[in-house]
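**Student:** Kindly produce the complete structure, drawing on both the sequences and the hints.
Spelled out, the chains give:
Protein chains: 2
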Amino acid sequence: MSAVVAEQGSTTPSTPEAVAGLRPGAFGNATALSCRECGHQVALGPFYACPECFGPLEVAYDFPAVTREQIAAGPANIWRYKALLPVPTDIEQSPNTEPGFTRLLKADNLARELGLTNLWVKDDSTNPTNSFKDRVVACALSAARELHAKVFACPSTGNLANAVAAAGARAGIKTVVFIPADLEKPKQVNSAVYTDSLVAVNGNYDDVNRLASEIAGEEEGWAFVNVNVRPFYAEGSKTLGYEIAEQLGWRLPDQVVIPVASGSQLTKVDKAFQELITLGLVEDKPYRIFGAQATGCSPVSAAFKDGHQVVRPVRPNTIAKSLAIGNPADGVYVLDICRRTGGAVEDVTDDEVREGILLLARTEGIFTETAGGTTTGVLKKLVETGQLDPTLDTVIINTGMGLKTLDAVADSVGPAATIDPSYAAFTATGLA
Amino acid sequence: MSAVVAEQGSTTPSTPEAVAGLRPGAFGNATALSCRECGHQVALGPFYACPECFGPLEVAYDFPAVTREQIAAGPANIWRYKALLPVPTDIEQSPNTEPGFTRLLKADNLARELGLTNLWVKDDSTNPTNSFKDRVVACALSAARELHAKVFACPSTGNLANAVAAAGARAGIKTVVFIPADLEKPKQVNSAVYTDSLVAVNGNYDDVNRLASEIAGEEEGWAFVNVNVRPFYAEGSKTLGYEIAEQLGWRLPDQVVIPVASGSQLTKVDKAFQELITLGLVEDKPYRIFGAQATGCSPVSAAFKDGHQVVRPVRPNTIAKSLAIGNPADGVYVLDICRRTGGAVEDVTDDEVREGILLLARTEGIFTETAGGTTTGVLKKLVETGQLDPTLDTVIINTGMGLKTLDAVADSVGPAATIDPSYAAFTATGLA
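Protein chains in written order, with full-length UniProt numbering: chain A, 1 to 432; chain B, 1 to 432.
These aren't lab readings, by the way, just hints derived from the structure by calculation.
Don't take each hint at face value.
No distinction is drawn between identical chains; accordingly, a pair holds when it is met within one copy or between any pair of copies.
Said to hold, decoys possible - With a straight-line Cα cutoff of 27 Å, these simulated BS3-like cross-link-like pairs (lysine-lysine) come out:
(1) Lys-271 x Lys-174
(2) Lys-150 x Lys-106
(3) Lys-106 x Lys-185
(4) Lys-174 x Lys-106
(5) Lys-271 x Lys-185
Here the structure is a predicted model, which means the values were calculated and not measured.
**Tutor:** So, in structure tokens, the structure goes:
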């Protein structure tokens, strides 16, 4: 469980051996971890870097036939897609937070405001801990269990910490969450309520992250969700793509706008769409994927606009903290996908992020966090700049919830009037 | 739309006439408003008090045959039960927040902690604005629309304000929300983000409520969700009962613990169970309903313990603000139901409320607000005092979300350690 790079001994097996002690079907229809760069395959295990080229490992599958009816007969959460995830077939029996199958809202008011014909919001703010992180953490938890991890852990400053602490509590597994010591008190409470093992680290998020990688390498039996079980974790984001397609009536949208932090979510939605086409669950058709960043941390957007194949790291400076990854691990894959599909990567200023939050709340009654404000702001900009076709069916993903980033809009909104408790005082406001 | 008491002209019609201008089927299978005290019936309209005896009006129905399959074929929200609600058959077509069908989590860790055999948590914190209020507001919105209301409104200090402001924004109807002027800034923001028409009132919640009733009586076309369309609004809570039964595999639980503010939710869960039995959707069997209050506002619990038939109003003094109704409208019906079914009403102190919040978070990964802390605390007390049978299948309802009442536990939890970013510093904590 300490391994973070697959062992050198496992050189290019055509059929990788399973890690010792795994029960049959521990990872469902997953067959191996495959290097995204060189294609080298290693056994399913706590590995995230290729032993040949150090490229990122990704879960590979051998899918059986899967029907719409099988999926529809499943539960109203991500496990309806368990055949397409690296989880055992009895995954519903293991205590987990049961995330997913969140609302896909037809957003006619917002569409009208921006001049779009058909727009939907995939709203992940209603997940158990109010962000899409519950999806990926549920898959990481399953991997941690199947790999006999003793500790479930992560470095995080917000949504991920909440999701890991909650999932760990429910699963009854020892959970340790590492946060920067200067994190705002409300965010600390929102994780500490679930666990006695919150560790505050003197330093910034990068320091916390480095410490987590060090512990993952040194300690036996620790599953860091976004480090040594990252390939399993990341697969959870595919469920966003599956749900969008199923909730549209088993068809792909024409355009999707997705926020970009590490870039993983965007690549996994694309992977999900490709899998659904391959499995014959949706018609094969073109779709465009767009990435959304905040200007204060927009390395992928900058690379897209400059026509670069690589992403130059930046030092983040934006209110969109949950997107503030200056050196995004999947940045180059985001560039590939947005270019291949005819999409784009765009960014908006912090003021536009705030406007985006209010726009989504006022038109559709969805209170999003700064990441969702970024995505809404980028949607607006993409339409205004002609990069997105307003006549095509479009979906945007809201990944989190406004109560977690109240400060972003606290000074922008308030009561229209303050009155004495009388009907006369009320009619004087002009609101009657 | 200004009427708050049904007109005297409509004396005891055996088949009440519909209000003029209603489209056929505007209220689905609902047939009339029926007085809970004297049985007098009036037409479906913006009425909440009986013209004969001033008793509360409640929606009456003539249900067709409804099958489990019809329900299962519906959407993953409350509209799967539309045949059992006072809403039109095309309700899904009207923009609304699409609440409901929230998680029913098997709570084995909490059960073990308290010595119960089988326990579930119905978790309404994952609704669109993170409380059960989205259910009732969705039904009120439908009524407001069908009754051609021009304004959608409520007095509230918290969850209801959020739900009304969000639903009104999404529906594109003018929305006015009245709050006490001294409400905490974060709670104001959480409503103001959705609407330009938040009105702060100098006074306490009772003052705000009185003003709302006055406006409802004076202004044409205002639908106050919890005043003049209250009978429709309240029906939304039935969906909690339907979902519990369906998610248990179409059977009723043996015992349910429900928080009591006005008492409406508890009475509607009972009504839902009775309807499911009458419709043959579940087996007829005994069940016990328990009410949960905070000691600082426990008029119904006090009446239950004293053997009284009436509820003596109190002045609330508890951290469980969302339960702090000193003169609960449905208090006597709660007494009736808890006595008839063999349940009880119990209360816990504010310290026990805080303990309840942490207990639910640590065992099941659910971060509840003070109302849920009350329910969890009461569950514990009911077991300890032998009032609830730990061997029977038990469900508790979590009505809201901890991020809204962070202060309740902010001083009780925090990091286990604060360290420098080194592996050596970490191992010294003893957490490795």
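**Student:** At most 27 Å between C-alpha atoms: does Lys-271 with Lys-185 qualify within a copy, between copies, both, or neither?
**Tutor:** The answer is neither: 37 Å in one copy and 43 Å across copies each exceed 27 Å.
**Student:** Treating 27 Å as the Cα threshold, decide for Lys-174 and Lys-106: within, between, both or neither.
**Tutor:** between (41 Å within a copy, 20 Å between copies)
**Student:** Is it within, between, both, or neither for Lys-106 and Lys-185, if the alpha carbons may be no more than 27 Å apart?
**Tutor:** This pair counts as neither: shortest intra-copy Cα distance 36 Å, inter-copy 31 Å.
**Student:** Given identical chains, is Lys-150 near Lys-106, meaning Cα to Cα at most 27 Å, within a copy, between copies, both, or neither?
**Tutor:** For Lys-150 and Lys-106, only the inter-copy Cα distance (23 Å) is at most 27 Å; the intra-copy one is 43 Å.
**Student:** What label fits Lys-271 with Lys-174 when the C-alpha limit is 27 Å: within, between, both, or neither?
**Tutor:** For Lys-271 and Lys-174, the Cα distance exceeds 27 Å both inside one copy (32 Å) and across copies (42 Å).
Of the numbered hints given earlier, the model fails hints 1, 3 and 5; all others are met.
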